[in-house]
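Okay, here's what each chain looks like letter by letter:
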Amino acid sequence: MRNFKTTALLLTVPASLVAIGLYAAPILQVLALSLTEPKFGFANYQSLFANAAVGRVVMTTLKVSVTTTVLTVLASYIVAFAIIHMSAGWRRISLFLVLVPFWISVLVRAFSWITILRRRGVLNSALMETGVISTPLDLVYNLLGVTIGMVHYMMPFAILLLYANLSDIDRRIMQAARSLGARPATIFWRVWLPLSLPGIALATLFVFVFSLGFLVTPALLGAGKTLMIAEYISVQISSTSRWDLATSLSTMLLLVVGIIVFAAMRSPALRAAFVARPQQ
Amino acid sequence: MTISHFAQDAAQIALEKFNRGEIDRRSFLFALGGLGLAAAFKPGVAQADASEIVVCNWGGAAADAFAKAYGEPFTKKSGMKVVIDGAGPAIGAIRAMVESGKVIWDATDGGMIDSLTLGKGNLVEKIDYTIVDKSQVPENFAGEFGVSNYVYSNVLAYDADATKGVAPTGWADFFDTAKFPGKRTMCKWIQGQLEFVLMADGVAPADLYPLDVDRAFKKLKPMLADIIFWEGGAQTQQLFREGEVAMGNIWHTRANLLNKETPDKFKWIWEQNILSASAWSVPKGNPAGKKVFDFINSTLDPAGQLVLLQIMGNGPSNPKTLALMTPADALVNPTTKENAASQIMLNPAYYAEHETELQNKYLDFISS
Numbered sequence: 001m002r003n004f005k006t007t008a009l010l011l012t013v014p015a016s017l018v019a020i021g022l023y024a025a026p027i028l029q030v031l032a033l034s035l036t037e038p039k040f041g042f043a044n045y046q047s048l049f050a051n052a053a054v055g056r057v058v059m060t061t062l063k064v065s066v067t068t069t070v071l072t073v074l075a076s077y078i079v080a081f082a083i084i085h086m087s088a089g090w091r092r093i094s095l096f097l098v099l100v101p102f103w104i105s106v107l108v109r110a111f112s113w114i115t116i117l118r119r120r121g122v123l124n125s126a127l128m129e130t131g132v133i134s135t136p137l138d139l140v141y142n143l144l145g146v147t148i149g150m151v152h153y154m155m156p157f158a159i160l161l162l163y164a165n166l167s168d169i170d171r172r173i174m175q176a177a178r179s180l181g182a183r184p185a186t187i188f189w190r191v192w193l194p195l196s197l198p199g200i201a202l203a204t205l206f207v208f209v210f211s212l213g214f215l216v217t218p219a220l221l222g223a224g225k226t227l228m229i230a231e232y233i234s235v236q237i238s239s240t241s242r243w244d245l246a247t248s249l250s251t252m253l254l255l256v257v258g259i260i261v262f263a264a265m266r267s268p269a270l271r272a273a274f275v276a277r278p279q280q
Numbered sequence: 001m002t003i004s005h006f007a008q009d010a011a012q013i014a015l016e017k018f019n020r021g022e023i024d025r026r027s028f029l030f031a032l033g034g035l036g037l038a039a040a041f042k043p044g045v046a047q048a049d050a051s052e053i054v055v056c057n058w059g060g061a062a063a064d065a066f067a068k069a070y071g072e073p074f075t076k077k078s079g080m081k082v083v084i085d086g087a088g089p090a091i092g093a094i095r096a097m098v099e100s101g102k103v104i105w106d107a108t109d110g111g112m113i114d115s116l117t118l119g120k121g122n123l124v125e126k127i128d129y130t131i132v133d134k135s136q137v138p139e140n141f142a143g144e145f146g147v148s149n150y151v152y153s154n155v156l157a158y159d160a161d162a163t164k165g166v167a168p169t170g171w172a173d174f175f176d177t178a179k180f181p182g183k184r185t186m187c188k189w190i191q192g193q194l195e196f197v198l199m200a201d202g203v204a205p206a207d208l209y210p211l212d213v214d215r216a217f218k219k220l221k222p223m224l225a226d227i228i229f230w231e232g233g234a235q236t237q238q239l240f241r242e243g244e245v246a247m248g249n250i251w252h253t254r255a256n257l258l259n260k261e262t263p264d265k266f267k268w269i270w271e272q273n274i275l276s277a278s279a280w281s282v283p284k285g286n287p288a289g290k291k292v293f294d295f296i297n298s299t300l301d302p303a304g305q306l307v308l309l310q311i312m313g314n315g316p317s318n319p320k321t322l323a324l325m326t327p328a329d330a331l332v333n334p335t336t337k338e339n340a341a342s343q344i345m346l347n348p349a350y351y352a353e354h355e356t357e358l359q360n361k362y363l364d365f366i367s368s
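Chains as they are written, first to last, in my numbering: chain A, 1 to 280; chain B, 1 to 368.
It should be emphasised that the hints constitute simulated quantities derived from the structure, not laboratory data. Treat the hints with care, as some may be off.
Per the computed footprint, the stretches of chain B lying under chain A, defined by three or more beta-carbons under 8 Å from a beta-carbon of chain A, are [unchecked claim]: (1) 102 to 109; (2) 228 to 238; (3) 294 to 303; (4) 337 to 343.
Listed next, with one range per pair, are the computed distances between beta-carbon atoms [what the hints assert, rightly or not]: (5) 350(B) to 97(A): 35 to 43 Å; (6) 41(A) to 178(B): 49 to 57 Å; (7) 129(B) to 49(A): 31 to 39 Å; (8) 144(B) to 254(A): 52 to 60 Å; (9) 100(A) to 138(B): 50 to 58 Å; (10) 225(B) to 49(A): 29 to 37 Å.
Predicted model, so just to flag it, every value in this text is computed and none were measured. The beta carbon of each residue, even a glycine, is placed where N, CA and C say it ideally should be.
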């Protein structure tokens, strides 16, 4: 057993080296730049907190990320719940359909949404021709468009996480609840939901952290009016040459994400999500 | 920034035309040659050595084929290979290269403003005017750290169907939603944006600089909800084509393409157009050394600049090119006398000083 553990550990070495070389080292470089650009000290961080514009970018990012997370997890739960109740054949088809957008590039998906949502797009045309509306709705190039695009991007991730969790739940518990006279709604609220909390927590954390760093979707669907942290950093690096601002903001984002993940991992629900299933 | 985005756009236009078969291979190659974007249109990182010139520009996704099929003939002609790296010479990218001592580009297609910004940061070489013939371009196009290879304008383009055939007469009409209903578009990169807002608000061209940012924002604020901010030239064409906007401040090259597609519908006016100069810069410690200036000098040749105008729409930086133009060429060229009558020129010195601060203020403003 001991030998096996050593071998297992050794097997992770190459991947770890690659990760350190290609990931950790550049991050440390960014961190170093934030402390030395243009001279050594914490001045960049002080000015970061004093910068009202950065504050607004952070608020926009939080607003969009929280909205995206809530909507994504809610919608994904419904889909995942439906999928686990399907017959095996339908389940395969449904999971395939969930995976299709998952494989399509984020750029293609953003442009597809523009085609659907623009003023003379698929959706507005259909609504106008059926007489539901008389003037086109502003569905894209604003916050709404960004939210739609981001929720759509995140849903496959959340659905798969929730599906894995929900399909692990022992169905005999529901049978027991029913035999004790519980109605379907009661079973859902008092059995399904509490048992799926680890999955919900994991999906929430994943979607939220992912949303914080979104670049392409808000840039394309927001038409410049929804400025989130990632795009702001990218502008400061390549266009305005404000590396002090870019690197200190990147470091802060990384730090905040790290703290969120660390804190979340200490919650019972998430710990449960990572604990190995008891052997039966 | 705008200039770099513009250059990226120009190459894309040529590539699209080439792919549609509107221009032949020879013309395409010649046009790129005129720009200095010659032999190998090669994506990814170029490996530089002293026997070749590596030019960094913004465009060209497809292109290994060009390197093989058309790069070699050009190499035979000039005796020196020219490799194009389409990675995009963003100021940040040049800075990263120069500061790490791993410079692979000889000439970068940025802008007059970029060249000043880079010069101030001590990131580029001075243009060697013992090799580059200064007399080929107007005095203000031959800067210490950049020499202009072509020019372009921000113009007011409009959808004649949306305006019911009425032509706008100046930037003031951009704001007149009563007379011209419909959404607008303008650029999220600051160059050439506040100028038009201030002119619409009645500021005389001579009084534009220093830009009165607060006044411009105040004028723009009530319009924000009706403005879609564009990032790249292709997007402006898309916005007009899809009927998303009725009017916009876009590059004249894109307005020209829209007009060619649908002459009766998409038009533009030259009134109060805002001229920018693009320019070559040479990153400090470039691999080919002084040889790059021979290459830069060759790009100032009128014959090449004319082809550039005919194929991509970019205006020439060499005024001698005007004499070679057909009436049709002159019509779409921003430096033609009639088109330049009420033109203003972007002030590079002002931008070199204030662009960073302005760009960030502007981003904050449009996203708030």
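For each hint given before, does the structure comply? Return the numbers of the non-compliant ones in rising order. 1, 3, 4, 5, 7 and 8
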